[in-house]
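Start from the sequences, fold in the hints, and give me the full structure.
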Amino acid sequence: MDLAKYRALFLEEATEHLAEMSRACLALEKDPGSGEAIDLVFRMAHSIKGMAASLDYDSVTQLAHRLEDRMAVWRAQGRVDTPAGLLMLFRGLEGLERMVAAVRANGSSPPVDAALLAELAAADTPLGGAEKKA
Amino acid sequence: MKKVLIADDASFMRQMIRDIIEPEGWEVVGEAADGMDVVEKFKKLHPDVVMMDIVMPKRSGIDAVKAIKALDPGARIVMCSALGQETLVSEAMQAGARGFIVKPFKPDAVLSTLAKVAEKTS
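Protein chains in written order, with the numbering used here: chain A, 18 to 151; chain B, 257 to 378.
No wet-lab data here; the hints were simulated from the structure.
For glycine and all other residues, C-beta sits at the position ideal for the given N, C-alpha and C.
Please note: incorrect hints may appear among the correct ones.
PhoX-like mimics (lysine-lysine), calculated; alpha carbons at most 25 Å apart, straight line [unchecked claim]: (1) B:K314 with A:K47; (2) B:K300 with B:K259; (3) B:K372 with B:K297; (4) A:K22 with B:K362; (5) B:K362 with B:K258; (6) B:K299 with B:K372.
Residues from chain A that face chain B, not an exhaustive set, calculated with beta carbons under 7 Å [claimed, not checked]: (7) L26; (8) F27; (9) E30; (10) H63; (11) S64; (12) G67; (13) M68.
What follows is the structure in structure tokens.
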């Protein structure tokens, strides 16, 4: 595999996805029931997860997967259910932005952000098989 | 040479599939970036096999499988999924997909699944 080619593709697409996710998060701040915005963040997290897994960027994969799971729960519920949930979503987005920036700067994935992963998993709605309902 | 249509909203994943299958003699006749586009390109390009992501914009992979199978009940479709999406894969298979591969892609698994699906007669 031509790692340099795929790393460049990853950085280009992940950056675009993060910009779209950021716009969607702002839309959710105004309307936590925006199904379009919830779906977009879900798909972008899914896409980043797939690309990162292909390049063995484990920390990016884990955070994107956790965020995808969380979005799947909210998609099933039809809304981001609490202000704390929205704050968590922004923290997840910021975490991904930091990690993609680290890949750009260092050419490799940064360490796993265990605290952020735990925060996303410990929210008030149960996870586990969430995307099965999506 | 068997013709393949690739559908994934990430150009990264489309390129990766192309790089795996083209050197092995498969012809990529088209790429689609969403679930509406793949149905339109299926009509125009008549591929032997469609490789389709399960999560796509505009129309989900499962809905796109149903639309393609309505056009051509014999269509051969391989779903591209990720770990944790077993139920979605099961739904896609029930809708008429004939195989699936899991991201991150392992070239051997991609090629063997593609070959099996292309050879199936029913």
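To see whether the hints hold, each was checked on the structure:
For the hint pairing K314 of chain B with K47 of chain A, the CA-to-CA distance comes to about 23 Å; that is within 25 Å, so the pair holds. Taking the CA atoms of K300 of chain B and K259 of chain B, the gap is near 13 Å; set against the 25 Å cutoff, the hint holds. Restraint check for K372 of chain B and K297 of chain B: the C-alpha separation of about 23 Å stays at or below 25 Å, so the hint holds. Distance check on the hinted pair: K22 of chain A and K362 of chain B sit about 18 Å apart at the alpha-carbon level, within 25 Å; holds.
At roughly 20 Å between alpha-carbon atoms, K362 of chain B and K258 of chain B fall within 25 Å of each other, so this suggested pair holds. For the given pair, K299 of chain B sits about 23 Å from K372 of chain B by alpha-carbon distance, which is consistent with the 25 Å threshold. At a threshold of 7 Å, the smallest CB-CB gap from L26 of chain A to chain B is about 4 Å, leaving the interface hint in force. Of the supplied interface hints, the one on F27 of chain A holds, with its beta-carbon coming within about 6 Å of a beta-carbon of chain B, less than 7 Å.
This hint holds: E30 of chain A has a C-beta 5 Å from the nearest C-beta of chain B, less than the 7 Å allowed. The beta carbon of H63 of chain A is positioned within 7 Å of a beta carbon in chain B (closest approach about 5 Å), and the interface hint is therefore held. Restraint check, S64 of chain A versus chain B: the minimum CB separation of about 5 Å is within 7 Å; hint holds. Taken as an interface hint, G67 of chain A checks out: its beta carbon lies about 4 Å from the nearest beta carbon of chain B, inside 7 Å.
Evaluation of the M68 of chain A hint against chain B yields a held restraint, the C-beta minimum of about 5 Å falling below 7 Å.
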